[in-house]
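K.L.:
Sequence order for the protein chains is Y and C. In terms of the working numbering, the first sequence opens at residue 1 and continues consecutively. In terms of the working numbering, the second sequence opens at residue 232 and continues consecutively.
If you are wondering where the hints come from, they were derived from the structure by calculation, not from laboratory data. Keep in mind that a hint or two might mislead.
[Stated by the list, open to error] Partial chain Y-side listing against chain C, Cβ under 7 Å, derived: (1) T102; (2) R122; (3) P126; (4) A131; (5) S135; (6) A137; (7) D138; (8) S140; (9) G144; (10) S159; (11) W216; (12) P219; (13) Y223.
Cβ atoms here follow ideal geometry from the backbone N, Cα and C, with glycine treated the same way.
Spelled out from the first residue to the last, the chains are:
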Amino acid sequence: MGKGLAVSVPVKLASCLIALAVLVACGNDKGEPSPMGTIVGGAAKATLAKVRGKRGPAAVAAAPTTRADLEKFGIPILRAVIKSRGADALVTISDSKGDFVTWATTDGTTFTLRNGVMSQTRGLGPDLMSAAVPSVADLSRVGGTHRRSYFFLAEDDRSVRRDYDCTVAVVGRETIEIFARSHSALHVKEECTRPEGKITNDFWLEGATVRKSRQWTSPGTGYIEFEKVID
Amino acid sequence: MQTLTRRLFAPLVFALSLTGAPALAEMTKSLNINGATGLIDMPSGDAQDDATFSFSTSVVGPITRATISFQITPRLSGSFRFQTWRDWNTLFPADSSKFDDRSFDLRYQVLTESRYVPALTIGLQDFTGQGYFSSEYVAATKTFGDRVKVTAGLGWGRLGSHGSIGQLFGDRPPVATEDRGKPNVDQWFRGEAAPFAGIEYKVNDRWTFKGEYSSDAYLLEDDERGIIDRDSPFNFGFEYQKGPNVRYGLYSLHGTEVGLVFHLILDPKNRATGGVMGAAPVSVKVRPSRSADPDAYDGGWVTQPDAGPLLRANLAKRLAVDGIIIENLAYKAGTVQIRIRNNRVDAGSQAIGRTARALSHVMPASVEVFEIVPVVNGIGASKVTIRRSDLEDLEYAADNATLLRDRVTITDAGPVPSYAVGDEDLYPKFRWSLKPAFRISEPLKGDVGLRLSAAYDIRPGLVLSGSIYKRLFGNVDRTGAPSTSVLQPVRSDSSRYSKFGDPALETLTLAWYARPAENVYSRVTLGYLERMHAGVSGEVLWKPVDSRLALGVELNYSKQRDSDGGLGFGEYDYDVVTGHVSAYYEFGNGFVGELDVGKYLAGDVGATVSLDRVFVNGWRVGAFATVTDVTSTEFGRGGFDKGVRFSIPMNWALGQQSKSAFGTTLRPATGDGGARLEVDGRLYDSIREYHTDALDPEWGRVWR
Numbered sequence: 001m002g003k004g005l006a007v008s009v010p011v012k013l014a015s016c017l018i019a020l021a022v023l024v025a026c027g028n029d030k031g032e033p034s035p036m037g038t039i040v041g042g043a044a045k046a047t048l049a050k051v052r053g054k055r056g057p058a059a060v061a062a063a064p065t066t067r068a069d070l071e072k073f074g075i076p077i078l079r080a081v082i083k084s085r086g087a088d089a090l091v092t093i094s095d096s097k098g099d100f101v102t103w104a105t106t107d108g109t110t111f112t113l114r115n116g117v118m119s120q121t122r123g124l125g126p127d128l129m130s131a132a133v134p135s136v137a138d139l140s141r142v143g144g145t146h147r148r149s150y151f152f153l154a155e156d157d158r159s160v161r162r163d164y165d166c167t168v169a170v171v172g173r174e175t176i177e178i179f180a181r182s183h184s185a186l187h188v189k190e191e192c193t194r195p196e197g198k199i200t201n202d203f204w205l206e207g208a209t210v211r212k213s214r215q216w217t218s219p220g221t222g223y224i225e226f227e228k229v230i231d
Numbered sequence: 232m233q234t235l236t237r238r239l240f241a242p243l244v245f246a247l248s249l250t251g252a253p254a255l256a257e258m259t260k261s262l263n264i265n266g267a268t269g270l271i272d273m274p275s276g277d278a279q280d281d282a283t284f285s286f287s288t289s290v291v292g293p294i295t296r297a298t299i300s301f302q303i304t305p306r307l308s309g310s311f312r313f314q315t316w317r318d319w320n321t322l323f324p325a326d327s328s329k330f331d332d333r334s335f336d337l338r339y340q341v342l343t344e345s346r347y348v349p350a351l352t353i354g355l356q357d358f359t360g361q362g363y364f365s366s367e368y369v370a371a372t373k374t375f376g377d378r379v380k381v382t383a384g385l386g387w388g389r390l391g392s393h394g395s396i397g398q399l400f401g402d403r404p405p406v407a408t409e410d411r412g413k414p415n416v417d418q419w420f421r422g423e424a425a426p427f428a429g430i431e432y433k434v435n436d437r438w439t440f441k442g443e444y445s446s447d448a449y450l451l452e453d454d455e456r457g458i459i460d461r462d463s464p465f466n467f468g469f470e471y472q473k474g475p476n477v478r479y480g481l482y483s484l485h486g487t488e489v490g491l492v493f494h495l496i497l498d499p500k501n502r503a504t505g506g507v508m509g510a511a512p513v514s515v516k517v518r519p520s521r522s523a524d525p526d527a528y529d530g531g532w533v534t535q536p537d538a539g540p541l542l543r544a545n546l547a548k549r550l551a552v553d554g555i556i557i558e559n560l561a562y563k564a565g566t567v568q569i570r571i572r573n574n575r576v577d578a579g580s581q582a583i584g585r586t587a588r589a590l591s592h593v594m595p596a597s598v599e600v601f602e603i604v605p606v607v608n609g610i611g612a613s614k615v616t617i618r619r620s621d622l623e624d625l626e627y628a629a630d631n632a633t634l635l636r637d638r639v640t641i642t643d644a645g646p647v648p649s650y651a652v653g654d655e656d657l658y659p660k661f662r663w664s665l666k667p668a669f670r671i672s673e674p675l676k677g678d679v680g681l682r683l684s685a686a687y688d689i690r691p692g693l694v695l696s697g698s699i700y701k702r703l704f705g706n707v708d709r710t711g712a713p714s715t716s717v718l719q720p721v722r723s724d725s726s727r728y729s730k731f732g733d734p735a736l737e738t739l740t741l742a743w744y745a746r747p748a749e750n751v752y753s754r755v756t757l758g759y760l761e762r763m764h765a766g767v768s769g770e771v772l773w774k775p776v777d778s779r780l781a782l783g784v785e786l787n788y789s790k791q792r793d794s795d796g797g798l799g800f801g802e803y804d805y806d807v808v809t810g811h812v813s814a815y816y817e818f819g820n821g822f823v824g825e826l827d828v829g830k831y832l833a834g835d836v837g838a839t840v841s842l843d844r845v846f847v848n849g850w851r852v853g854a855f856a857t858v859t860d861v862t863s864t865e866f867g868r869g870g871f872d873k874g875v876r877f878s879i880p881m882n883w884a885l886g887q888q889s890k891s892a893f894g895t896t897l898r899p900a901t902g903d904g905g906a907r908l909e910v911d912g913r914l915y916d917s918i919r920e921y922h923t924d925a926l927d928p929e930w931g932r933v934w935r
């Protein structure tokens, strides 16, 4: 309670009364404004793009950005596209622990991938909280089978688990284009089933690198497409 | 009619279709004009999805109904309704032009629908009121294909007043005046019984056609009062579903009236935003391995004089992002205890997780044990102990929440360590706010005003606070007419308080909160405790962190305040000692029961039973009833004190991090019996959030 209080309170009070004409709360007794986007890792400070919610304005098209622009940053860049909410973002690494790399947008959304296979998301709302995922070796083994487990926060924030039995099938070698660069990649399909339903993930493998993928995230978010733009 | 309705709605549909509505996979379990699951005026055998909370308002000629309904369990649901009849004096000019009534319903779904079996529901309508809307029913509903639903049922009371098939269980005795407000058990399923039926046809995902044959003759409105002309038992109309939360209905009723209904349907279990919004957390920082960097693990930093303030400042900066404030920081070479005040994150476990992540970045590598103590009103609510290596190992593990919970201990907070570093900036501290405030006294009645609040935190657990309320507009009773209650008007003079006390000093108190012993919490509040009473209130609560049971004692001495909202006590010259012994029990699935036995404000002695369903995201819906030695005649309209209450967190509706909520308590009638002091900061609800029964169901959010 400083010296300025005696002066500042009536002044602030008066201005508040005006603000309250449009029903806005005033005072020093409220949570600070939510600092969306201030906590992402250092590398992400290079402002690239934001994932926008479905209520936000239309997706920021990544199109005007060229590969040359991106290479100037000198850091790995991943593109994430979420069709269900019209989001298209270029993301950078905010954390790296062994095989797990976390990619962040500037507005506080993260995707954690284990060698290119998604295991967590945060900030999407309906997030993938954790997962047991196959390795790239599992996905390269034609006709191979493995289990997948997903963990979400469901109704009333309770944790729920979904287990799938998955098989891998090769679609074929395809040429894909990512930011004006062609890649020859092996397209594999991972079909995962459980009694209540089925999901299909697609991976385009360039050796041991997942160059492109389309991976299921959660019931509320659906599929996310990733493209590894800059290694 | 169909073309007319379409014409009426065509511009509306165009406007609404731009925003889009999701596809509805199965037929909606829709609500009727009474806010109960059903057809148009008739109920059905359906039940809403578990926990559905709906607000319905309907206008049919001179009758307006506003209803709040809650699906208490998957089979049991309840409603609270406020009904107004206009033109009440049509045939009796001496009466007032309006008449209103409040009623409670309960419904139980005996059979859920399966391939050959219809859904079957038994319901009681207005089962504890004056009887103007009383009826009982059994209704069966069967779905055919994915578009047609047929309902047939049998009703008693109002629902047995047209097309009776006779009395199945004998005469229906009238409700004696002194029994009004009590459950009308003697009437249930008695008197004339009459069948009703109806059909729902889903035209498409948005439009539904409904038609019904009603067994309610509207004797009160047509024969007695002449305010409605009921020509036909057939009602029909259309309903329009706009998104998952809104439904409109337009009907032809009784052959003479047009009915309009609006339903707001909320699902407390799922956020409007589809998930927990807010930015991602920072990643856990992993320490270098001990072999790679043994020096990092040296505990010598503890002796550095500036270590405390430095660590504290760094942590505070990281935690401010989530609105978390550090009350105290105490550390040794291997352990840190951080006491936090969580002002914004709605889930306690998420606040704990974010704090642990911040500690992983700031604390030197030698610190292996993180003790996180959430503090509420200056009291440590519990102590969550997390091993730092578990945090490092499990961040990206599958099912990390369960794995971490197995390794975390949650115990009594314990005392503040003697070597803790406090914060000079926190105490003493002056806070204030000026906010719009709503005061809702009953459905469709309330005030919008401004509340100026201020608090002075003297030291942890000791706070001086006050608030002033000024009404801006509203329709609360402000005639200033004195209460006619035979009891001391401890509550029933609200009209006077509303009229003369504007603006009014609502509260001005000095409160002291403490944790005097293990598992024991205490509160003493002194001053102008609430709008109508002032005095001193003391409370002690016993609640082990992992116990479903809590026990409390409260003792108060209070005087009734003047109705002018000032500081005086001359107007009533009334003082009373009140007190309660309370037991709280966590039944699981969020159901919390409370039993209070003791002496109430009007000097009456009795007990209150309440049951609340508390959701992880902060939603709360509950009901309570108080029976004391006051007779129902002394109590007045309503017979005894009972009501429902709800609280909707802003976070659920808006998705932003916030702990504020919108809620109210609704009573069919406010009497002076069974009234308790309204004191802020009662212990159980403050503490519960950080005990295992509340933390465990939402534990997944520790990683959010």
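K.L.:
Does the CB of P126 (chain Y) sit less than 7 Å away from some CB of chain C?
P.N.:
holds (4 Å)
K.L.:
Go through the hint on A137 (chain Y) and say holds or violated, using the shortest Cβ distance to chain C against 7 Å.
P.N.:
Violated: closest Cβ of chain C sits about 18 Å from A137 (chain Y), beyond 7 Å.
K.L.:
Hold the hint about G144 (chain Y) up to the distance rule: shortest CB distance to chain C must be less than 7 Å.
P.N.:
violated (19 Å)
K.L.:
Interface hint check: D138 (chain Y), Cβ to nearest Cβ on chain C, cutoff 7 Å. Holds or violated?
P.N.:
D138 (chain Y) check fails; min Cβ-Cβ to chain C is 14 Å, beyond 7 Å.
K.L.:
Per the CB criterion, is S135 (chain Y) less than 7 Å away from chain C?
P.N.:
Violated, about 13 Å.
K.L.:
Can we keep the S140 (chain Y) interface hint, with Cβ of chain C closer than 7 Å?
P.N.:
Violated - the Cβ of S140 (chain Y) stays beyond 7 Å from chain C, reaching only about 21 Å at its closest.
K.L.:
Min Cβ distance, Y223 (chain Y) to chain C: is it shorter than 7 Å?
P.N.:
Violated, because the Cβ-Cβ distance from Y223 (chain Y) to chain C comes to roughly 16 Å (cut-off 7 Å).
K.L.:
P219 (chain Y) was flagged as interface toward chain C. Is the shortest Cβ-Cβ separation under 7 Å?
P.N.:
The hint is violated - P219 (chain Y) has no Cβ within 7 Å of chain C, the shortest such distance being about 9 Å.
K.L.:
Measuring from the C-beta of A131 (chain Y) to each C-beta in chain C, is the shortest one below 7 Å?
P.N.:
Since chain C brings a Cβ to about 6 Å from A131 (chain Y), closer than 7 Å, the hint holds.
K.L.:
Quick check on the hint: S159 (chain Y) CB to chain C CB, less than 7 Å?
P.N.:
holds (4 Å)
K.L.:
Would the hint on W216 (chain Y) stand, with a C-beta cut-off of 7 Å toward chain C?
P.N.:
Interface hint status for W216 (chain Y): violated (15 Å vs cutoff 7 Å).
K.L.:
Going by Cβ atoms only, is T102 (chain Y) closer than 7 Å to chain C?
P.N.:
T102 (chain Y) check passes; min Cβ-Cβ to chain C is 6 Å, inside 7 Å.
Violated hints, in rising order: 5, 6, 7, 8, 9, 11, 12, 13; the structure is consistent with all others.
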